[in-house]
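**Student:** With chain A's structure known, arrange chain B on it following the hints.
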Amino acid sequence: MTFCALGTLWACQGVDVNSPNIRGIAYVKIDDVVKHAPLYPQLSRLDAAIAMVDLTEAAPNVPRNAAQIASEDKKLLAELSAAKARAQHIIYQKQREYATREQAAVAAALGAAHGRPTGNAAAAFGQVSQQQAQAAEVQAGRDFMAYQRSVVQQSNGAARSVVSRFQEEAVQKLQAKQLQEQQRETDLQLQLSRQDAAERLSLQTRLSMLALDDATRRKLEAQLNAIASRENAAMSAQREADRREYAAYRRQVMVQTNVAMHGQLSQIQSQTQTELTSRRNQVGAQLRAMAGPPIGRVSPATQAQLRRIAAQFQAQYQQDVQSVITEYAETSDTLAAQYAMLHSTDVAAASAVQQEVLILEQRRQTLYNQIVAQVQSEAQRLAREKGLRVVFSDVTAAPGGYDMTNELIHDIEGKSE
Amino acid sequence: MKRLFPTLLALIALATTLAPAASSSTLNDVGYVDQSAIAALPAMVNISRQLAAVQAQLSKQYAVDMRSSRSPSQRQRVNAQLQQQFVTEQRNLEGPTFMRVQLAIASVASSRGLSVVVDKRIVIYGGEDITQQVVRLLQSSQQIIPLGTEPPPSEIGYVDQAVLANSPQVKAASQQLATYAEKERRYYGLQFQQAGSNAQRQQQIAQAYNKAMSDEQDQLLKPVVDHAQAVTAQVAQRKGLLLVIDHADILYGGTDITTDVQNALNK
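Just so you know, the sequences run in chain order A and B.
In case it helps, the working numbering puts the first sequence at residues 5 to 421.
In case it helps, the working numbering puts the second sequence at residues 7 to 273.
Don't take every hint at face value.
What the simulated footprint calls covered on chain B by chain A, stretch by stretch (three residues with Cβ under 8 angstroms from a Cβ of chain A suffice, anywhere in the stretch; the number is not a length) [stated by the list, open to error]:
| id | stretch |
| --- | --- |
| 1 | 63 to 75 |
| 2 | 205 to 211 |
| 3 | 234 to 244 |
These are calculated hints, taken from the structure and not from any lab test.
Each residue gets a CB set at the ideal place from its N, CA and C atoms; glycine is no exception.
Looking at chain A on its own, in the form it has when it is part of the complex:
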């Protein structure tokens, strides 16, 4: 008798639904009943799962938020810019150094051809033309650096767009997979619920309607528990399978994305290097043409020697500069990879966190609706039994009417125990 609260007391003793205080009207506090439903532990687990994802986001640095990613971006781009400036400076110095050495070698060759000492031969070019050649060389160096900056900028822009496109595709694929799995789990849940509905109802009816001895009651309750356990096990197995499938799929997508992305990034870098080398050779040839003597006035042997000198210095210069370019390309590659990693993991992770919360909330809503449907179905049965006219859910206040909440809780608990 102590179990019976005021409302339940009426239920225990039989309620007069036509009394002036009730007049056939009843109400249910749905959320109170939901807390006692057999599926409520699953709802709590989903709440805990949502809290876990929420706390993952709340924890500092895991994963990085947009501002932190932007800050890391800035740092990486500054490093890339510094590496680029360093490489440009070294290349410029090498250009000057090789041009001077080549001029000296040309002067020496011409001096030897005319039987003059090297120092006089250099003077023979004339101070004015030498100054003009130097001015042209400085200007050409500047032009080349400006060109190099623009090409590298374009290359970086293209690389960023490639990274962004790939990570977007990866996130879309992962989201589609999650939605597919969620749908599968919801379908299974509904299928199990429908499949066991008749058996469960029959057991529940026997439990509630018959005067049962303890042994039979225990047996029926055990059968009900077995149904619940069977459904839980099937759902858990499905979730675990989905979790494993998703993890494998995620790994596969990330690997595919990284391979494809780095392939395209390498292609962009290779094109950049080709463009820069071609331009450098072009500028170098122009400078040599300006700085060189009028070849037509020297003997064929000297002309051949001058060509050999030009080819030799060109080859040495290219070999020397190639190491600088390779070093820059390696640095750039590393930074681009870090950039890609920063975005493809953290942005995808942040997006995945939001997506996960969304999916969990949808799953929670589906389960909640399912529980409410069960509660309502039970309430309808009770209402029919008691001859009630109307049953409301979630009223604001109730000075009258019949509160079915406790009786429903009692029924639902009794059937799920």
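**Tutor:** Relative to chain A, chain B alone:
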């Protein structure tokens, strides 16, 4: 136990004595409408589309006006003007159709002898579904004439929860809860991070976080809500009502006790 039983009987007797002074017959005049069926009518869908277009246009205008506004007061003025413009457009677009829906519900309710019509969502069992009659009336070309009479008195009352939610007590409690939630989220977030890859520990922390939030909600909000419900029940009882529901769920009839509840809460 011996003392509890007479007390409960006395309480039952008291509850019966304080019950609304009404006839002992059952309440048969409650109807309901599935509002999603009304919202799916072509006229309503068309209004939604037009409103979306208006909203998009005003959003663009808002962006332009905000860029050219230099002072906060100018921005405030722009904001107020555009909001007003939207409300006016909304009223112009929705007003006539909503009025027609109201008249249709009232007309059907009256012809069926209903004293109150509510939203289908809150009806678990019973009541009279008048959705199809209302839809048919709305789809017909006939003019719906206002009844000219008030709905009959009803023992179902309603309060505007939105008004009650704006009370200083509820606002203060909500604000306190939001501050607490932010603090707890940081605290448990840090613990969660420290748990590393220990899934069991992480789950414990998540459960503790949920419990802390739920407890605080019970401590801060529940007393305020319980008090408001008790006051609402007292007012309803004085007015001889059986039940009180939210204003948002009432479509026709019912007894509005919002002002009385507000006054009682402010005492």
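**Student:** Can you give the numbers of the hints that this structure goes against, from lowest to highest?
**Tutor:** 1
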